[in-house]
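Enquirer: Protein chains in written order, with my numbering: chain A, 1 to 207; chain B, 208 to 414; chain C, 415 to 621; chain D, 622 to 828.
Don't read these hints as lab results, they were simulated from the structure.
In this text, a Cβ means the ideal position worked out from N, Cα and C, and glycines have one as well.
Incorrect hints may have been included.
BS3-like, lysine-lysine: derived pairs with alpha carbons at most 30 angstroms apart [to be verified]:
| # | chain 1 | residue 1 | chain 2 | residue 2 |
| --- | --- | --- | --- | --- |
| 1 | A | K62 | D | K683 |
| 2 | B | K269 | C | K476 |
| 3 | D | K683 | B | K269 |
Derived Cβ-Cβ restraints for the label pairs, each shown as a range [said to hold, decoys possible]:
| # | chain 1 | residue 1 | chain 2 | residue 2 | range |
| --- | --- | --- | --- | --- | --- |
| 4 | D | A803 | C | S468 | 50 to 56 angstroms |
| 5 | A | R34 | B | Q224 | 54 to 60 angstroms |
| 6 | C | A500 | D | S713 | 52 to 58 angstroms |
| 7 | C | N456 | D | Q765 | 40 to 46 angstroms |
| 8 | B | Q224 | D | A754 | 54 to 60 angstroms |
Protein chains: 4
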Amino acid sequence: MKSLPQPRKAPRQARSQQMVEVILEATARVLGERGYAGTNTNVVAERAGVSVGSLYQYFPNKDSLITALHERHAAQMYAAIDEVLATSRARSLRGRVQAMVRALLVAHAVYPELHRVLEKEFPFFDAPREESAADYDIFRRVRQLLDEHRPELAPRNLDLATWVVLQIMETLVHAAVIEPPAQFEPAALEASIVDALMGYLCGQAGR
Amino acid sequence: MKSLPQPRKAPRQARSQQMVEVILEATARVLGERGYAGTNTNVVAERAGVSVGSLYQYFPNKDSLITALHERHAAQMYAAIDEVLATSRARSLRGRVQAMVRALLVAHAVYPELHRVLEKEFPFFDAPREESAADYDIFRRVRQLLDEHRPELAPRNLDLATWVVLQIMETLVHAAVIEPPAQFEPAALEASIVDALMGYLCGQAGR
Amino acid sequence: MKSLPQPRKAPRQARSQQMVEVILEATARVLGERGYAGTNTNVVAERAGVSVGSLYQYFPNKDSLITALHERHAAQMYAAIDEVLATSRARSLRGRVQAMVRALLVAHAVYPELHRVLEKEFPFFDAPREESAADYDIFRRVRQLLDEHRPELAPRNLDLATWVVLQIMETLVHAAVIEPPAQFEPAALEASIVDALMGYLCGQAGR
Amino acid sequence: MKSLPQPRKAPRQARSQQMVEVILEATARVLGERGYAGTNTNVVAERAGVSVGSLYQYFPNKDSLITALHERHAAQMYAAIDEVLATSRARSLRGRVQAMVRALLVAHAVYPELHRVLEKEFPFFDAPREESAADYDIFRRVRQLLDEHRPELAPRNLDLATWVVLQIMETLVHAAVIEPPAQFEPAALEASIVDALMGYLCGQAGR
DNA sequence: GATGAATGAGGTTTCATTCAT
DNA sequence: AATGAATGAAACCTCATTCAT
């Protein structure tokens, strides 16, 4: 099994930053269009309008491209969640959960295919979830949300609850965006996701 | 994107059947150990104690191996679900859901790595879920369960509810088996999965 | 370079004879349809409705199939030439040449594609022309024709003349049947072939 | 049947040009020595002192090597014909035809084996003659020659006559170079080719 | 004799990575 | 730093041939 590759260096100069961004953007598009197996460094470089050599200047190998992309995605998701939780007027748990789900649905609507590849094919690498800084940020942020509503919650172990919430939210958002059964309305899907999360968090069902 | 490859022929003779089984078993092990990218037909053949040529006698290409394995897996899961729903003494919805979740956890404990690859990397192929016969069997069976308990359920659209239940159950079972956060007890994980499903199905939380 | 393979044995029994015929017929069709590179023993056997094993009972290897087919073809051409020269009423050289050309055009019209492969791709093997018995029969028969008309002929060396005649006749007949430029009428093509042969045989042009 | 493959790109830079030349030269040698079936990309690359990868940088697949070689050959033959027709002192038809035949014999004497493969095995591909630019150039040049001597010619349809001339000349030149019956002198063979062509073009034999 | 499943050497092609310019 | 031609290991797949039944 491969170990988790890291970007060779944290680029500091403006030009480098921009190059990294261009390459990552190209990776995102190619990955979304052709899947992991269909993605190769030469195509990515070409799409980025850059030479392979330059690509290897910033990314030590193919997998580090995906890793970096995943990090970027997680960071974007964290930003989306954080912003919505901080600014949404809703103060009720349901309102805040709904805002969060909606924000994620919106964020994933951009490159749905990319996200499928990123979230589904990525586990491929032996990257333990905990090692992703942005993923951990998300965990902490949701955990904090639950903390703020502890009295209303059914689950006792909030770490476990956070983990369950993240799993459910991620799967359903992806499924809703990527493989939405034709007959279901987007609004109905969104409502179902919220219902599922709230049902788990507040439900006393049968216990 | 590739279209869904099919096994070249449905082997009927005893010898063929056995060969297919041996190859599929080897594929399962190699896939579990090395992931999709690390799996190649020569290794699979070698592991199966069979020549590459024989492998290609029964499977037209590499991807058809994965497809067949996925079908087999889905069929096994259907069998597990069907059996437990038919025989479990529990008559309550919670009891039956719990029995189902437990059966799936047990079924996935055998080759956890394989299931990770199968469920996560597989979407890779453009295989529409609906085209998998066994997947559809599972859908119908769970849909039937919900039908039998309709009065107790919060969701109105049972097709949608079945879809949500399957998404949640699949993710959480896999996550529990494959990447269980160290600090959570198996029993607690199982309970959480059941809680999540029941919360969604019966919860009126905040509605 | 490979040496010329021979049929393993001269089959004597009726059943064998028939089997050889069936296999050769299948070879002819497959070869005509798919070319040498696209022809393989398994396909030939299948097309013949026979097992590969049986095929190898009568032909030691793939190339011996082609060799045998070529022999058969040469024998058929010899038969066509011999018959027409023996029976045609024409007694003039031109009349006999014309009859021969017409007979060859007819004989080649059956599987034009096959003949292309047979005559063009065949030289592939290191088979010296002289080793083919049937080819030599043809040579002798045409040589005899020239002998019978020696007084009318321009060329002195009749062996050389026979060789030239055969080369021209073969090429033009094949070209006329296989790649006839669309704008030329079959009758015009036939006339041109005869003119070419007669021009060479009788022409004093510029000498 | 395959369609006619094209070289991936028309190489413009000096280095590329040279690489293409080196690869083509190696292909010519290997093809001449081992025939089509015995030729494979690894051997060609090795013989060219180049990696397989480089070969595939310039030629998309094995067949495109042969196609390119054929084009090159046709271009060379065109050049040879064109030069000799333009510069030979002979003004008589026979003189010019003789010069042309001699030039072709000389041009083919370099790699006789290669030409056998190229002209005999090549039709293999479904390459319609007309699609080859160089082949068409040759057609036009010879057609022009006939035009210039129209009064002396027997055939009325000069397109048809050109086609016949090219067929005869190609076959006899190849046969003379590749499979010259041992007993015939080169000079006698050359004279026979010229006689055949002139006989067809000027003969009134028996008409 | 006939069968056809099994074999495996070998061919074609791809693509991650390097390095001279 | 940037380039992109060159590399070559390694993957996928075919098919001539064998041999147990």
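Enquirer: It remains to establish, for every hint, whether it holds in the given structure.
Expert: Each hint, compared with the structure:
no.: 1; hint: A:K62 <-> D:K683; in the structure: holds, 29 angstroms
no.: 2; hint: B:K269 <-> C:K476; in the structure: holds, 29 angstroms
no.: 3; hint: D:K683 <-> B:K269; in the structure: holds, 24 angstroms
no.: 4; hint: D:A803 <-> C:S468: 50 to 56 angstroms; in the structure: violated, 41 angstroms
no.: 5; hint: A:R34 <-> B:Q224: 54 to 60 angstroms; in the structure: violated, 36 angstroms
no.: 6; hint: C:A500 <-> D:S713: 52 to 58 angstroms; in the structure: violated, 42 angstroms
no.: 7; hint: C:N456 <-> D:Q765: 40 to 46 angstroms; in the structure: violated, 51 angstroms
no.: 8; hint: B:Q224 <-> D:A754: 54 to 60 angstroms; in the structure: holds, 57 angstroms
Violation of the numbered hints given earlier is confined to hints 4, 5, 6 and 7; the remaining hints are satisfied by the structure.
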